[in-house]
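Student: So you can see what is in the structure, the chains are spelled out below.
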Amino acid sequence: MTLMNRRALVRTGLGMCGAALAFAAKPGEAVAADQEALVLYSGQHRQTTEALVAAFTKATGIKVTVRNGESPQLAGQLLEEGERSPADLFYSETSPPIAALEAKGMLAPIEAGTLQQIPAAYSARTGTWVGSTVRCRIVAYNKKMVAPDQLPASVLDCATSAWQGRVAYVPKDGFQEQVMAIAHVKGRDAALAWLKGLKQYARAYNSNSAAMRAVEAGEIATALTNHYYWYSLAREAGADRLNSALHYVARQDVGALRTVSAAGILKTTKKAAITQRFLAFMVSEDGQRAIAGSVAEYPVRPGVASPFPLRPLEDFAGAPVTAADIGSAADAYALQREAGIA
Amino acid sequence: MQLRARGLRPAPSPWLVLLAAIPIGLVILPMGYILGRAWDAGPAGLWSELARPYTMGLLVNTVTLAVSVTAGAAVLGTAAAWCTERCDLPGRQIWRIVTSLPLAMPAFVASYAWASLGPWFQGMLGAVVILTLSSMPLIYLPVAAALRGMDPSLEDVARSLGHGPWRCFFRIVLPQALPALGGGALLVASHMLAEFGALSLLRVQTFTTAIFDQYQMQFNPSAAALLAAGLMALSLPIAFAEMRLRHGRRFARVGRGNSRRLPLSPLGRLKPVVLAGFAGTAALSLGVPLMTLGFWLWHGSSAGRGVGTIVPALLGSLSLALPGAVLTTLFAVPLVMLSIRYQGRLTALADRLPYVVHGLPGIGVALALVFLSVHYAPAIYQTRLLVLLAYTVLFLPLAQSSLRASAELVPPGLEDVARSLGRGPFLAFLTVTLPNLAPGVGAALALVTLQLMRELTATLLLASSDVTTLATELWSYTGEVAYAAAAPFAAALVLISGVPVYVFTLRTLNVDEPR
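One line per chain: the protein sequences are A and B, in this order.
All the letters of the first sequence, read from the start, carry residue numbers 1 to 342 under this note's numbering.
All the letters of the second sequence, read from the start, carry residue numbers 1001 to 1515 under this note's numbering.
If you're looking for bench data, these hints aren't it; they were derived computationally from the structure.
A couple of the hints might just be wrong.
Said to hold, decoys possible - Cut-off 25 Å, straight-line C-alpha distance, at most; resulting in silico cross-link-like pairs (SDA-like, lysine to any residue):
(1) A:Lys199 <-> A:Trp163
(2) A:Lys143 <-> B:Leu1117
(3) A:Lys63 <-> B:Ile1310
(4) A:Lys63 <-> A:Ala280
(5) A:Lys267 <-> B:Asn1220
(6) A:Lys172 <-> B:Leu1456
(7) A:Lys144 <-> B:Phe1121
(8) A:Lys63 <-> B:Leu1117
(9) A:Lys271 <-> B:Ala1379
(10) A:Lys199 <-> B:Ile1310
(11) A:Lys267 <-> A:Gly82
Excised from the complex, chain B in its bound form (with noise of 0.2 Å):
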């Protein structure tokens, strides 16, 4: 594997190439499965496949979905940030954890909740509000952290050289804090790919739901692996689009800056509206789905049913959740590592190829891995390692992109002294790198465990028979319309991923701290 290494650095050492290669194989490898079994299906399969006005509708409500959702989350989220971390909005630090809130809601639930409201939010234009309301944290955690540690005096050179509060704020703060919003938009945009369960509440065909259907209404893996190639195709430049956002810039300081308090900027008479802004959102991405779970609970005969399983589904949540989060983000590091200090097409690829994966529908990555290690490591299939190398293949770009952005502010002129002082490579990282890198780690885990959580595809297929999570108990509950059962365990699920939101929040936001 050569690697074209640009500016005066040398060749990344073969120890990290090899790191990085294992998750890349990890990736490689349902994939490679997905387009060999399209390739099966033949080119005329492929094209009779692509030319139905069925998949044209597809395609424009899938690219519909994904590009509002992201638009939206971007400016509500950016907005947001704004607001609490540079206007003077009262009580910011309470807006600041509320804002993040929403991530702990599965979208299962988000949107169960709204659908029962009423036909009114069934629909693209539902849709699009809804995910819009619960993806908007994704984008507003890591803005909110850029706009903090942002070093003002650039933005009072600006100033002093006559540019308004406007302008300032295209021109100095937005692309300053772009790579942070670049990196949540191409989560958002691949989540949006990937969604099912909000999707098929609320009456929206999208590739996603159609490769679902095709799973569940033929037992012909070609055919649903055309539509997943498809999905792949629509992934690819997405991804490299936010690469290309962030190409040729570096955001690397060894010093922090002024380290005054950040200015705020007066609201005036407009603190009422944003107060109101901030509040709507918090009752309708939190208040609906709250109302209803305690609905479920109140109304239903099969209330208390199971309640004594709660325990064991929570330690089996946990017991894949956390090693899972470890693992993904382990396998992260190196990724991260090698993308940034080597920039070259080879690096860039592979820090992108998770995005595209992470862009598909569980149920395909999961079967590609049930054919693969049945077939070539019968000895891990269905135990606990094979369903966390899938989390892994499945979650890599959240870990990717909380890492990246403690990454970036790492210079290598750092690792340069270590290791002229005579550390090896590798020591070198773990005292100097790692220690900068901690936020991000500390972020990527709260924020891959969160989503294990409620993974629920992957671990039906590919976990042991015995193991029960959170997420397995709520769908079999409401795959039998007793809600009331389910409504503890969804309960449970909000609760325990609050913990890891409000981690994920608190090392978010406290990236470069003024003290």
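Chain A with its partners taken away, still in its complex shape (with noise of 0.2 Å):
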């Protein structure tokens, strides 16, 4: 190499640095670009998430910012950034994290109103956080691998030597809420001894998708899951090509549990009325309307139908619980800690 190119070269490494950190310092950017703008952050599907942003924007002329992300990051997140957090909003994928926030007291009342369009099963007892869709609790099976009249009725069966190595888990979310549910209903011993059963009998799966594309593939007969990843295999997939199916527990069965996806509004927030906007939004006619036609949920609201082929919520997902008595599920992983499972 002749001095020259040496020299050449390190003038082009300086520039290229000097051009790197320019770029790196730029400062401010989007995140105080427009004050006007909600900051949401969203664990939500995005697709969803991104309707009713839409829906809301088009209807209020407010913009929106969205910070997407699994929704327990995000409530860490939050956690970290406690009072200073830029956000105003937190839109969950399920309950639990938003619920660990109520319990921090973190967030702000939401106004009756919003609450009463709504049952009061799907909201916080302190009306901090109001649902947004309602999902549940299934038994997903190979059909090929198992007869229908030979499911099981409760979901206490599948943790038992009847099922050995026939049933697969994912310890994550919708799990923890049905580990509430069986505390909370027959007891928390009950509940133990459940993934005691389970740790002996079934198999666990690191994510939901993973364990219904099991079932899908043959590899196991049954899934404990959430209804919605059916529906979007069978949207991808189309629903005539799947070898998989749905099993709902007996309709009382703690089995038979409603999760829900839900929003609050942070103490922090300096945009208090329009916050309140939004969530009015969210459970408004015209708001749920919107987030249905995303994605295979139910919509929290009376009288708004999913376009998507969903059984009626009524005739099978009757287990006495709901949202606000799991909480933030914290005893959900003491539980699992005690069974040798997490």
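Hints are included, so try docking the two chains, each in its own frame, into the full complex.
Tutor: Right, here's the structure in full:
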């Protein structure tokens, strides 16, 4: 390498570094770009959030800046941010992360008029978060591996030797609510026994979509999961081509559980009035219709129908447990630890 | 700060120390925060966490995975390097590229592909096989470069003294390649400690997957920090073991030795076997994931959704990854120079700390940075600058390992000569040392860019809300089970990653190429 070459190389290198640093230091950006825009931290499926936000902006002219992420990670982020959070609203895919913020006193009360629009079972007792959609726990099964009449009547049966090696469970979202529901209805010991049974007889998967796929592929006969994972798969691959189907346990069984996605307002927001408007819109007919069209979940507002071929909730999901009973599900994790699966 | 210098070299210039202190400070902050959180849980909490059988199981899994994958990749990578550099393997140039290409395949895509082939690949054995294949290039490339840059006269001497080919390999060749091998192995091992995406699909639980679970299921940062602290304790011995490996060795040479072509060993009857091995490895590590991408695209109803956002996502990826790589490399230079030129305990520690953070799960480090920046530097919170700093914290070791390979070959005497001719230390570095580092800088930029393109957690938490990258789009579509919509983003990620892999391969393998 000649000397000239080296000098040229060093010059180019220094130039590049300078440019990169200038680029890096470019301050401010979008965070504070629009003083009027609401900042929404959202762990809900992005399609759903986008549909809701687009409808809201169209109806009100108010812009919303969305930060997408996993709900529990966003809740963790909000906890770390504390009083300095730039967020105005939090939209959680499941209720425990937002209930955890409720428990820490980080959420502001929601206007009564908004809460009254939907059944009380879908909101916080403190009125600090409000349901957006309902999803339910189901048993997905492979039609070639289990006859419909042999499917379990209760989710409790799945943790017995009769189902050895034939049940997949995912100790993540939805599962915690299930554990809490069992503890709430049957007592803590029953929940612990159920978890120990699963540990002994069932197989753990690390994500709901992986478990759903395993059932579809014939890798395992059944999976304890949420209903919309099957609908997502059906939409992607075509329902008539699937090897898997949904099984609903007995209507009053503790496994026939409704869970909710929910949203709330951060106490630290400086835009209290428009955050309230956002939540009011979310549970309104227009808001609910926008949400319902984007995902195979049940609208929380009575009278709004989902365009997806969903079985009516009243027919099967009758477990006497609400999202508020479940709370932040902190005890579910403690139970999982006691059972040795976490 | 007092630095113990060995030998006759004077204490390092305060400027160098200051420049090295910046990246070290950046790395120490999140470590300190995590340790502080873990401390909140108290000694009782620590004991009850560590003494549980579940934690023991995690420990066994984590160590098994890290040791097996590192050993497997080391053996496979070294063997492949020997074949492409020192044997009469037909089509060597093509095999060099093919063997490096798995680097372009994000582990998430690869393990999705494997997991969907059936349950056989799930579990520890499958994870070891898949991760060994995908991390093998990290060992192959530096070792191949070392083999290529080696002066063959030492081997000639050994052979003339009656050593057989195997003995010659283990006594002469391997010790010379050891620093390259050790550096690569250290990277692989710390990757394995932090691996999450691939393992969650393959049903293996390690410390890192458990930490993600904790963040997922309970909202108690102290408990998660306890496990992260345990993980740090695991990383430290790995980082220092590699240090011992290179302790007391000197690699710098002024002359380039004999620049004749390296002699090639005949493979003889083994040739078809070796060729089949290369072809099989390539088919497994590249073919299977590519077929899966094709299948996604072909069979999904969501095909074509979001195609319009592919260009902004690509630009978003580049606008974060390129400056991120430059910044990371820039910070790594003083750190590497300090630890090579002034060997001592403090400089060794400074050089190793980034590896410890590299072994931590991204979510823990990202949340620590959320807290620290929002409370102490709110002006940069959720700006581009903060994401770039987070990238530096997470990926510094990738730049360090590439730079070190070049920096160790530069004799300190060169700088001394420049100084004696009247140049100041900074100018001497710029005009004499830096040009000699060029291959390492190129390799560092390429390798860091590659990893930054697929970074997800820190980008989601710390970038400004309007930034989308290929990785965030891929995450969001696969989360919705919209695999056909995800496929073009995955393909774009693989294709664009091919560029740095190509540059990295050329940069690494052309070091000291005889002309």
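Student: Against this structure, judge whether each hint is valid.
Tutor: Against the structure, the hints:
Of the pairs offered as hints, the one joining A:Lys199 and A:Trp163 holds, with about 12 Å between alpha carbons and a cut-off of 25 Å not exceeded. As the CA atoms of A:Lys143 and B:Leu1117 are separated by approximately 20 Å, the hinted pair is consistent with the 25 Å bound. Restraint check for A:Lys63 and B:Ile1310: satisfied, since their Cα atoms lie roughly 23 Å apart, inside the 25 Å limit. With a C-alpha separation of about 16 Å, the suggested pair A:Lys63 and A:Ala280 falls inside the 25 Å cut-off, and the hint holds.
Between A:Lys267 and B:Asn1220, the direct Cα distance comes to roughly 20 Å. Compliance with the 25 Å bound is thereby established for this hinted pair. For the suggested pair A:Lys172 and B:Leu1456, the alpha carbons sit about 20 Å apart, so the restraint of at most 25 Å is met. For the given pair, A:Lys144 sits about 23 Å from B:Phe1121 by alpha-carbon distance, which is consistent with the 25 Å threshold. Restraint check: the Cα-Cα separation between A:Lys63 and B:Leu1117 comes to about 45 Å, which exceeds 25 Å; the hinted pair is violated.
The hinted pair formed by A:Lys271 and B:Ala1379 meets the criterion: a straight-line CA distance of about 20 Å does not exceed 25 Å. A hinted pair counts as satisfied when its Cα atoms are at most 25 Å apart, and A:Lys199 with B:Ile1310 does not qualify at roughly 43 Å. At roughly 10 Å between alpha-carbon atoms, A:Lys267 and A:Gly82 fall within 25 Å of each other, so this suggested pair holds.
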